[in-house]
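If you read the sequences in order, they're chains C and P.
Mapping to our numbering: the first sequence position 144 is 144, numbers consecutive.
For our numbering, add 213 to where a residue sits in the second sequence, where the first one is 1.
If you are wondering where the hints come from, they were derived from the structure by calculation, not from laboratory data.
Just to be clear, a hint being listed does not mean it is correct.
[Said to hold, decoys possible] Computed beta-carbon distance windows for the label pairs:
1. Lys280/P with Lys150/C: 50 to 58 Å
2. Lys264/P with Phe50/C: 21 to 29 Å
3. Phe168/C with Lys280/P: 51 to 59 Å
4. Arg194/C with Gly252/P: 24 to 32 Å
5. Met90/C with Arg263/P: 22 to 30 Å
6. Val92/C with Glu259/P: 28 to 36 Å
7. Pro57/C with His284/P: 38 to 46 Å
8. Lys258/P with Phe109/C: 30 to 38 Å
Keep in mind that this is a model prediction, so the values were computed, not measured.
Just so it is clear, CB atoms sit at the ideal spot from N, CA and C, and this is done for glycine as well.
Chain by chain, the residues run as shown.
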Amino acid sequence: MKETSLKEIEKKTYMSYHQDGLIDIFVGIYVLLFGLGILLLTVTDFSTWFVIPAIFPAIMIPVWISAKKRITMPRIGYVRIGSRGASKLMAVFIGLMVAGLGTFMVFTFASRTQPWASMLRDLLISNGMIIIGIAAATISSLFAYTMGLKRLYAYGLLTLVLFFTGYFVAVPFEYLLVTIGLVIIINGFVLLMRFMRKYPLTQGDKKIVEESL
Amino acid sequence: MITTQLYVVESADFLFLQHQLQMTPGNLSSHLSKLEEAGYVEIVKEFIERKPHTALKLTKKGRNAFKEYQHNLKQVFNGLSE
Chain C
1 MKETSLKEIE KKTYMSYHQD GLIDIFVGIY VLLFGLGILL LTVTDFSTWF
51 VIPAIFPAIM IPVWISAKKR ITMPRIGYVR IGSRGASKLM AVFIGLMVAG
101 LGTFMVFTFA SRTQPWASML RDLLISNGMI IIGIAAATIS SLFAYTMGLK
151 RLYAYGLLTL VLFFTGYFVA VPFEYLLVTI GLVIIINGFV LLMRFMRKYP
201 LTQGDKKIVE ESL
Chain P
214 MITTQLYVVE SADFLFLQHQ LQMTPGNLSS HLSKLEEAGY VEIVKEFIER
264 KPHTALKLTK KGRNAFKEYQ HNLKQVFNGL SE
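All chains should be built: construct the whole structure from the sequences, respecting the hints.
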């Protein structure tokens with residue numbers, strides 16, 4: 001038995017737990033909320049910047065865990081993946097945070113003293129849409145690679161294409177976020193429907209299984 | 214296949230194994246009983262949100278046995294390729 005086949009089984013196990021589309025629905029809602037938040041700011045001058053980033057850890061993660069317990073677990077069972085997979089994901093997350101924060105700090109410090117830095121800052125601000133598109137595509141590709149979820153590559157590509165198009169056609173940023181959020185949510189619901197059809201809820205069977213042990 | 218599946222995770226329940234391995238409940242149950250008797254699989258009764266839950270995990274003996282089996286199998290295949 002080759003090491004690669006064990007990795008394949010590990011990957012398949014991990015992927016089977018995310019085939020329900022719940023992660024897509026929640027990430028899509030979050031992106032949509034960001035878009036709607038900016039839209040609200042432009043229309044009513046009401047800022048939601050302090051509320052929306054907090055919604056994810058405070059509300060969405062607990063709701064996602066609860067949905068997993070109510071929808072996914074009764075259908076395909078429960079698995080503890082182990083620390084290796086989780087630590088890999090955490091390493092990517094922390095790496096991204098440190099890289100982002102580090103770049104921001106170096107840049108803020110350098111832009112005060114170095115003329116090249118302030119020039120670069122102006123360049124970045126004027127091409128913000130492209131930068132965000134590339135950053136979003138890179139981040140989703142990193143997560144796609146770590147988690148083995150190929151559809152995250154598609155979301156990254158979609159973001160990149162939309163932001164590039166938005167930059168040249170001058171589509172407002174918030175409309176792009178709303179579009180991306182809606183596409184991810186719809187795909188999530190399609191996956192969820194497919195998952196629920198593939199694994200119908202059979203309470204009786206589960207009881208028999210529990211009793212047989 | 215049961216030990217291979219349990220080897221790559223920390224623990225899994227009966228339903229998960231059944232779906233992953235595409236085995237009938239009776240078949241899986243009888244295999245698990247044999248593995249438990251051999252001391253390879255541990256059946257852990259726990260509570261998740263106050264509901265009883267049965268988790269299955271490989272014991273240390275089971276993990277070592279799987280590693281040994283993997284090693285032996287590699288040697289057999291290496292021997293065949295020469």
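Item to check | Pairwise beta carbon distance, Lys280/P to Lys150/C, judged against the given window 50 to 58 Å | outcome: Violated: the Cβ-Cβ distance is about 31 Å, outside 50 to 58 Å.
Next on the checklist: If I claimed the Cβ atoms of Val92/C and Glu259/P lie 28 to 36 Å apart, would that claim hold in this structure?
Outcome noted: holds, 30 Å
Checklist entry - Met90/C and Arg263/P, beta-carbon distance inside 22 to 30 Å? => result holds, 29 Å
Next on the checklist: Assuming the hint says 51 to 59 Å, is it satisfied by the Cβ distance from Phe168/C to Lys280/P or not?
Outcome noted: Roughly 56 Å apart at Cβ, these two residues keep to the hinted range, so it holds.
Checklist entry - Does the Cβ pair Arg194/C, Gly252/P satisfy 24 to 32 Å? => result violated, 40 Å
Checklist entry - That 38 to 46 Å hint for Pro57/C and His284/P (C-beta), does it hold up? => result Check passed, 44 Å falls within 38 to 46 Å.
Checklist entry - CB of Lys258/P to CB of Phe109/C, is that within 30 to 38 Å? => result Since the Cβ atoms of Lys258/P and Phe109/C sit about 56 Å apart, the hinted range of 30 to 38 Å is violated.
Checklist entry - Taking 21 to 29 Å as the hint, is the beta-carbon distance of Lys264/P and Phe50/C inside that range? => result violated, 38 Å
Violated hints, in rising order: 1, 2, 4 and 8; the structure is consistent with all others.
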